[in-house]
Amino acid sequence: MALLQISEPGQSTAPHQHRLAVGIDLGTTNSLVASVRSGVAEVLPSSEGELILPSVVRYLADGSRQVGREARDNAAADPHNSISSVKRFMGRSLAEVLATESNSPYRFVEGEGSVPRIQTASAKVTPVEVSAEILSLLRKQAEATLGGDLVGAVITVPAYFDDAQRQATKDAARLADLHVLRLLNEPTAAAIAYGLDEAAEGVVAIFDLGGGTFDISILRLNRGVFEVLATAGDTALGGDDIDHLLAEWMKQQAGIEVKDNHGLNRHILDQARAAKELLSECDEVLVEIEDSEYEWQGLLSREAFNELIEPLIKKTLSPCRRALRDADVSRDEIAAVVMVGGSTRVPLVRDNVSDFFKREVLTHIDPDRVVAIGAALQADVLAGNKADGEMLLLDVNPLSLGIETMGGLVEKIIARNTTIPTARGQEFTTYQDGQTAMALHVVQGERELVSDCRSLARFELRGFPPMVAGAARIKVTLQVDADGLLNVTATELTSGVQASIEVKPSYGLQDQEIEQMLRDSMDYAQADKDARSLREQQVEAQRVIEALDAALASDGDDFLQADELSQIQTARAAVLAVAEADDHLAIKSAIKTLETCSEAYVARRMNASVRKAMAGHNLNEYER
Amino acid sequence: MAVTLTEAAAGRVKDFLQKRGAAAGLRLGVRTTGCSGMAYVLEFADEVSPDDEVFEDAGVRVIIDKKSLVYLDGTELDFAKEGLNEGFKFNNPNVKDECGCGESFTV
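If you read the protein sequences in the order shown, they are chains P and C. Numbering-wise (the working numbering), the first sequence opens with residue 1 and increments by one. Numbering-wise (the working numbering), the second sequence opens with residue 1001 and increments by one.
There may be inaccurate statements among the hints.
Under 8 Å between C-beta atoms, here's a sample of chain P residues computed to sit facing chain C [stated by the list, open to error]: (1) Ile6; (2) Glu8; (3) Gly39; (4) Val43; (5) Gly147; (6) Thr491; (7) Gln526.
No lab work stands behind these hints: they were computed from the structure. In this text the structure is predicted, and so the values were computed from the model without any measurement. Ideal placement from N, C-alpha and C gives every residue a C-beta, glycine not left out.
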């Protein structure tokens, strides 16, 4: 029988409906996939039992591909066809890539549009396709381990990734047949792994020193949502630099001068890395170089090692200072510091960061896995495996989203604080006879009048068949995806005519502005209600008068005595007189009066049109 | 009436309970759903209701509501590995028939 996992209370899934979701750390050097099982987030192993997949894809001449360790191990021998660090090319144009990657071994060629392609032995591949190979392998690995198809994945991206880079990552996921529940910022994932999202609010720093890059991010937590305040870093600083430094020292000590002996250089570098890793645990290690030509042994103490690498470590501190300045927060305001990346295992790194922020740093989750684990926790929530209450805190629509209706009123479709992703629809109709187009105005805010809300987008639905007012059925659907992108679709249901637009609602909105908009909606609640009633009555008055005028013009003289007509005209004038004023009750009663004195006229018109329709027909025709 | 846990299952449950923290125990149960009539419930329990039976086996506090216990009496909860996948398994002597994958069953 199927194997079961322990669920949260009340969240047991129906048979065959397991909501398996994973978190993926799609890294420059290495990638990992993790999932929550029985309440515990853990990195999922490959069939070889490996937790870390090198982000390398090798394209062979026979059209086959190698992904991961095998590709990485062959990279030196086959540099043109073994693509590593493809993350750096994601969402970049050919021109941008060529400008930054002048000494890369890859043969970049032009493709469709401005997307760069890499010429390999088997095909020209785009960075998106290379990433998709990695994601696809991780997906298969996860499905084998979890015993079922995935409903989706949370994929992490650097906080500084722009829209194009994020879109490219999503495209790669789609190619890998993976549904993206959300793209999550890497520092946010690390903070979630440590449960920092459970605090009410606070500012946290994420220090990420990987193999080749360094990133520092300052995040502010507000009601369970992380906002990136600032990021800084160094794209050419990481653990590899420590290895090179140590290797140079070893060569110096051993009196070896090698320039172009790759095998020996590789050997020394491996020894240096091993020594570095050991020095995180031990106070002193034995380092050796063993080669056909050279043989050397030496002792390296942690003190000497620290002295050697100190200048390198100090280089991480000035981006930290810059990030704090950009975020406009002081060191005392930082509530927690999370360490990410293998190089943060080096004690000197921890000590320096701890001294800088004047507090203990968080290190107890494996720094290589912390991002994947945070992504897995988020994926578990998004897949719906947690109680609803916990979901509410994670990501919500900060302000209501709606559509402008007649009279400049807002019809709210997605209410504020609705958890996203979400989709809501509402039907609208036409206002005038023969109308074949409709202008849609998407607004955001809590107020009743369009003029008090923020305009997001305008678009038009055109070309539906003319119908009498109120007969057209126009369904407007607002959909906010997990990344906060709003997609508005309008469809005329009888004809199927459709139009849509995509916007990013929170773009450019500061927290204070959101807060101000909310406060205004409270302060002006009564005024807004009155304004809405007034506008509604004004629209109604206009509609009644337009209908009346049309009727009078066509057959007023036929059905009305002079005194009746003048009575109606008086009532009509009364409606017009109050319609411009601001008393909605007065308009309402004037409309009522007009309707009352038009009753006889309306009845006569009705009878006449029925007679007209039946004229010339035999009664028998209607009795069938 | 009782259910039991194998040593492997008890070990994993204790491990998960400890990692999650703040749970009253492990809840087992059945629900009427699924392609073959009933489905198992396997959850962390945050609270014990008056309709629950609570007992200990192999060091694990097991909570089962009285209605479910009728269908689970004599069941052994096991932990198994199938390839890369691993998870819990109900060995339930009351089951007469189950769907292909065994996720739902009839008694």
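The hints, checked one at a time:
1. Ile6: Check passed: Cβ of Ile6/P comes within 5 Å of chain C, closer than 8 Å.
2. Glu8: Check passed: Cβ of Glu8/P comes within 6 Å of chain C, closer than 8 Å.
3. Gly39: At 4 Å from the nearest chain C Cβ, Gly39/P passes the 8 Å test, so the hint holds.
4. Val43: Given a least distance of 13 Å, the restraint on Val43/P is violated.
5. Gly147: Given a least distance of 4 Å, the restraint on Gly147/P holds.
6. Thr491: With Cβ-Cβ at 35 Å, over 8 Å, it is violated.
7. Gln526: violated (43 Å)
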